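Trainee: Please build the complete structure, drawing on both the sequences and the hints.
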Amino acid sequence: NDLVYPVRGGMEDWAYAGSWDTDRVIQCQPNPKLHGPYAPEKTTYNNSTLRAFNMLIETSHSKVPPSHLGSTDGLLNYVPNYRSNGHIARNIRLALMAVDIVEPYVSIQSLNGVEVSDDVVPMMVMERGEVSCQENKLMSVPSGSTEAKVVWSVGGGFTVDFTTLYYTHWDNVPLTTDCSGRIMDGELGFDPLTVPAMSGVTRWSKEARSDNDSGSFEAKIDIRNFNAGDKIAIFAMAKLDQGWTEQPTGDDVKPSIPPMSHVVNARTNVNWRHSSAGKVIQGRQEWYSIPLTILISDGSNGNNNDGKTVELSNRFIIPDMVIDAAHLNEPGESFSYLRPSVLIALSVAVTFATYKVVNRWMFRRKYTKPSYLDDDNDDAFANEFTFEEDIQLRELS
393 NDLVYPVRGG
403 MEDWAYAGSW
413 DTDRVIQCQP
423 NPKLHGPYAP
433 EKTTYNNSTL
443 RAFNMLIETS
453 HSKVPPSHLG
463 STDGLLNYVP
473 NYRSNGHIAR
483 NIRLALMAVD
493 IVEPYVSIQS
503 LNGVEVSDDV
513 VPMMVMERGE
523 VSCQENKLMS
533 VPSGSTEAKV
543 VWSVGGGFTV
553 DFTTLYYTHW
563 DNVPLTTDCS
573 GRIMDGELGF
583 DPLTVPAMSG
593 VTRWSKEARS
603 DNDSGSFEAK
613 IDIRNFNAGD
623 KIAIFAMAKL
633 DQGWTEQPTG
643 DDVKPSIPPM
653 SHVVNARTNV
663 NWRHSSAGKV
673 IQGRQEWYSI
683 PLTILISDGS
693 NGNNNDGKTV
703 ELSNRFIIPD
713 MVIDAAHLNE
723 PGESFSYLRP
733 SVLIALSVAV
743 TFATYKVVNR
753 WMFRRKYTKP
763 SYLDDDNDDA
773 FANEFTFEED
783 IQLRELS
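First residue of the sequence shown? That's 393 in our numbering, and the numbers climb one at a time after it.
To be clear, the hints were calculated from the coordinates, so they are not data collected in a lab.
If you're wondering where the values come from, they're calculated on a predicted model, not measured in any experiment.
Yeah, the Cβ is synthetic: ideal placement off N, Cα and C, and Gly gets one too.
A hint or two may mislead.
As the list claims (entries may be wrong) - The list that follows gives simulated cross-link-like pairs (lysine to any residue, SDA-like), each with its CA atoms no further than 20 Å apart:
#1 Lys541 <-> Lys598
#2 Lys541 <-> Ile688
#3 Lys598 <-> Ile449
To be verified - Okay, the calculated beta carbon distance ranges per label pair:
#4 Ser452 <-> Val662: 40 to 46 Å
#5 Met447 <-> Met590: 27 to 33 Å
#6 Glu539 <-> Leu567: 27 to 33 Å
#7 Asn446 <-> Asp614: 46 to 52 Å
Mentor: Here you go:
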C-alpha cells in the first residue's frame, strides 16, 4: 500500500502461515559446500509452530533519527507531542504493549478502598487444586456490612467485551475451581451471585483515557445474607477482543479464511488446541482472576475491625505442606522448596542491589541538569544518558 512496499516471501508471511499454508512453503535446502551439513528436520515445522502474529516496526523514515527521541515525561501516557511520543518513548510503549497483549489477565485490586497485595509471589509454587488464596488473598469486613465495593483491572488486550464479578460462599466452590486463576470456560463449578456486566477498553486501546484508569472496573456486591465467620470467594471474569474474529467481506479480501494465529484464537476460540515441544495452547473466551476471599468478621477476641475493612493476607502461606530436609532435593522434582533463611538472604541481596542502583541514579541526577525542565528541548530523554549510552539508543531506534 502507500505506507509499506510489497515483499514476496517475507518473514512475516512465513511466520504466520508456514504451518498451515504448506503448499507455498519450500523446504530449506542449504548448500553443504557453503554452509556445511544441516539436518532437514531442523527446518521442518508442524501444524502448530508457525502461527505467529508478526510485526515489523519501521521506527522512522530515517534509520538514525537525529532528534525527536522523546523523554521519560509521560512515557506511558501518550499525548501528541515529541516529549511523550518521540521515537524512543513511542517504541518503548510499543514493546511493552506487545508483551502485555500476549494473553488476557484479570486481577482484583481493592476492596472498600483497601488495596489487595500483589497476586504474584516470587518462588511460590501454585498448583491446580490448591486453595491457598483463602489465606494469602484475604480481606476482612465487619459483621453487619450490607455491601462491599470491589475494584478489578483487565489487561492483556484492547477491548473488554464483557466483565463481571462472580461470588459465593467458599463452601459452594468445588476443589476443581482453585486459586491458580487458570479456570477454563465452563469450569467455574458453581452457580454464583453476580453483578451487572460491564464493558470498556484497556490502556492500549485508541479509545483509552489519558488518566490511566482504562481497564479498571468497580461494582458493589450484596453481602447482607452472609453470616459472621463466613468466607466469600470473589472471582472477576472478562472476555476480550472478540471482534478479532470478524471477517471483512467482498472480493477484495482473499482467501476467505478465519484467523489462524495463536494470539487471536487463544482468546476467541474455545475449540482451538495446539501442542508443540511439550507446550499446549488451549483456546478460551473467559479469563478469571485469582479469587479474593472476604471474611465476615465475627468479633472474636474483641476484634470487629473497628468498622473497617482490613487485609489479613499472608502472601507466603503454603497450606498442607511440610518442608523438611529430606524433601528439599528429592530426586525427580522439577523444583526445590527454599528454606526461609534462603528467602531472607535473597531478599537482602535484592534490596542491596536496588539500593546501589537507586543511589547511582540519584548521584547522576544530582550532578546533571534535568533537561526535561527545558520546554524547548524535545530530546530530554537522550540527554539524561552518557554519550556512549546515547549513541546506543540512537542505533537501537
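Trainee: Next, verify each hint and record whether it holds.
Mentor: Taking the hints in turn, this is what the structure says about them:
no., hint, verdict
1, Lys541 <-> Lys598, "28 Å, violated"
2, Lys541 <-> Ile688, "14 Å, holds"
3, Lys598 <-> Ile449, "18 Å, holds"
4, Ser452 <-> Val662: 40 to 46 Å, "41 Å, holds"
5, Met447 <-> Met590: 27 to 33 Å, "30 Å, holds"
6, Glu539 <-> Leu567: 27 to 33 Å, "29 Å, holds"
7, Asn446 <-> Asp614: 46 to 52 Å, "47 Å, holds"
Violation of the numbered hints given earlier is confined to hint 1; every other hint is satisfied by the structure.
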